[in-house]
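Protein chains in written order, with the working numbering: chain A, 7 to 360; chain B, 7 to 360.
One or more of the hints may lead you astray.
Copies of one chain are not kept apart here, so a pair can be met inside one copy or by any two copies together.
EDC-like cross-link-like pairs, simulated, lysine to aspartate or glutamate; straight-line CA separation at most 20 Å [unchecked claim]:
id, residue 1, residue 2
1, LYS58, GLU48
2, LYS13, GLU205
3, LYS58, ASP263
4, LYS13, GLU176
5, LYS58, GLU24
6, LYS168, GLU205
It should be emphasised that the hints constitute simulated quantities derived from the structure, not laboratory data.
Protein chains: 2
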Amino acid sequence: MKPWQDKLRVLDPYVPGEQSKEKNIIKLNANENPYPPSPKVEDAIKTLDFSKLNLYPDALSSELIETLATHHKVDKNQVFVGNGSDEVIAFCYMAFFNSVKPIVFPDITYSFYPVWCRLFNVPFKTKALDSNFKILAADYYEENGGIILPNPNAPTGIGEGKDFIADILEHNQDVIVIIDEAYVDFGGYSAIELLEKYENLVIVHTFSKSRSLAGLRIGSAIANPQLISLLNSVKNSFNSYTMDSIAMLVGTASIKDNEYFEANAKNIIQTREIFAKNLKDLGFTVYPSQTNFLLVSHPKIEANEIFRACKEQNIYIRYFNLPRIDNCLRITVGTDSEMNTLKDFLKKYIKDTV
Amino acid sequence: MKPWQDKLRVLDPYVPGEQSKEKNIIKLNANENPYPPSPKVEDAIKTLDFSKLNLYPDALSSELIETLATHHKVDKNQVFVGNGSDEVIAFCYMAFFNSVKPIVFPDITYSFYPVWCRLFNVPFKTKALDSNFKILAADYYEENGGIILPNPNAPTGIGEGKDFIADILEHNQDVIVIIDEAYVDFGGYSAIELLEKYENLVIVHTFSKSRSLAGLRIGSAIANPQLISLLNSVKNSFNSYTMDSIAMLVGTASIKDNEYFEANAKNIIQTREIFAKNLKDLGFTVYPSQTNFLLVSHPKIEANEIFRACKEQNIYIRYFNLPRIDNCLRITVGTDSEMNTLKDFLKKYIKDTV
Chain A
7 MKPWQDKLRV LDPYVPGEQS KEKNIIKLNA NENPYPPSPK VEDAIKTLDF
57 SKLNLYPDAL SSELIETLAT HHKVDKNQVF VGNGSDEVIA FCYMAFFNSV
107 KPIVFPDITY SFYPVWCRLF NVPFKTKALD SNFKILAADY YEENGGIILP
157 NPNAPTGIGE GKDFIADILE HNQDVIVIID EAYVDFGGYS AIELLEKYEN
207 LVIVHTFSKS RSLAGLRIGS AIANPQLISL LNSVKNSFNS YTMDSIAMLV
257 GTASIKDNEY FEANAKNIIQ TREIFAKNLK DLGFTVYPSQ TNFLLVSHPK
307 IEANEIFRAC KEQNIYIRYF NLPRIDNCLR ITVGTDSEMN TLKDFLKKYI
357 KDTV
Chain B
7 MKPWQDKLRV LDPYVPGEQS KEKNIIKLNA NENPYPPSPK VEDAIKTLDF
57 SKLNLYPDAL SSELIETLAT HHKVDKNQVF VGNGSDEVIA FCYMAFFNSV
107 KPIVFPDITY SFYPVWCRLF NVPFKTKALD SNFKILAADY YEENGGIILP
157 NPNAPTGIGE GKDFIADILE HNQDVIVIID EAYVDFGGYS AIELLEKYEN
207 LVIVHTFSKS RSLAGLRIGS AIANPQLISL LNSVKNSFNS YTMDSIAMLV
257 GTASIKDNEY FEANAKNIIQ TREIFAKNLK DLGFTVYPSQ TNFLLVSHPK
307 IEANEIFRAC KEQNIYIRYF NLPRIDNCLR ITVGTDSEMN TLKDFLKKYI
357 KDTV
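Can you build the whole structure from these sequences, using the hints too?
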């Protein structure tokens, strides 16, 4: 060991869904939206004054924040934006999870949650989903240092309603409760209405799924003004300008085109329901999804075998080599045509294999 | 106090140079480049396929990293990129400054350095610049947990050469030494050639100054592959996709247009030297600058008075209400025309005031 090496930090980072430079793949492994963003995004970029890129962006992200506040019918001092919802959640950990007691989240959930715990030295405990992969509210009644829950959950796709979230909040009024609503726009319940009653609630959203803007890194948090102000302090202690000028321009244009957004989400929900039925017809177990993906398993063929067979066909889906879900596959909802290609392949594959 | 409030973190963040929405200001307060980015940047954005913004960016930033590696004549596994050099430095703190011993930096320097220390609980010590605002290498010989030095320094503008940096490295082989070269392209010395000899050296660059891309948030680090790999682990434990697709496209196009870059830097250096002479003729003390700004003071008029008088003329310069430099002003080098307007105003103002 060299003398300077003992000051280094070794971490076990998050691994995102595989990217491929191949052109002809059907990419159903990263929960991306299969459709392009609103055409208003392209229009907005066309108005960009390139000669002004020499200037720092608006560090307050005022226009994007005001547009989001109007959209969600909250005050602008209740909104925070960041470089993707991952950055927003990382800032939430730094701002809100400062207790010696462990924070709590499900055993099967977004696998970045424990990674942030390790990065920021936040103690944590996980609570097992039940045998139907549902979160049990009562597991979250005991004393803790904070809670982070995705609703709908990922990679299960299962969502909970108002009573469930309110119940968790009612039993956790002494800590910050983060509800990660990354997938909420595909038929889930948003807890925004609960912000008025619960000052300790933080809601996180992303532009990467329902807004087709994974390429641009935009996320947001909605909470009471004191919590938003602390998030800004963390952000301004980390990087004064996390959002670039183009991302803010694009994000604003996207939020303003509500019609496109709603039609897009509706479209994906329809495709999801048809594809879920098709998979059930092929013998798959399909968990009920309120997201843009389906968690599925087949009673007769191992998940990683199906994963490999699909990959050979240039169809990328997601396999997690993790306890309890190592016989499941997470399939992003793509276009109707992509899902039909996958369905036709699976039909033939199952017939040939079983 | 409400029960959930004791888990919150209260910080004292960095405050960047004031932004204004007014159109007719001469903005010399944030060390922005007064010229637009390379026209190749606009060409690159015109090739953008908007229909692909639904996809996550390349998490490895391969094209930008390869382009930077070629430009700096280093291996691609020696390059890391991030969402502005502030993010890159924040990751460096997390990856490299993990000692109970204090890290060391000058008392007058980039005021974000102590902010990151507070955010990440890194102990620190400052060393006073000498009476000419120069860093004394011998101050950095004692035992420490790491070193961060800007070269050239900011807000002094003063740069040091090879022997100075090598001397610091020679005396600090048991810790990581970060040289923050944010302003190096305006006539400073880059320590890239020292990377081969010193495995504990990390060099940080930004696209916000010499590349006229403050609006897009791009920074980089160059170091030995082991250190780059640890930076990637921190990044992937924080946010898998810190760089968006457009920023990477733009950054790559900018690096490839070396001719524009060099002409731009040369132009700013020329303007700086002419303006420095003009200020000296007006009785100002002007510190020798290797950056795109000048640190100046006037023997007869207080700095904050000059600051206010300029602001009334819609000329924004930077005043720091901080020990030792509270009678100095930091003036960014703008266009020739902007500097002439400022010079003419100062000439009249000094005549009327003294």
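Review point. What hints, given by number in increasing order, does this structure fail?
Key: Of the numbered hints given earlier, the structure breaks none, since each of them holds.
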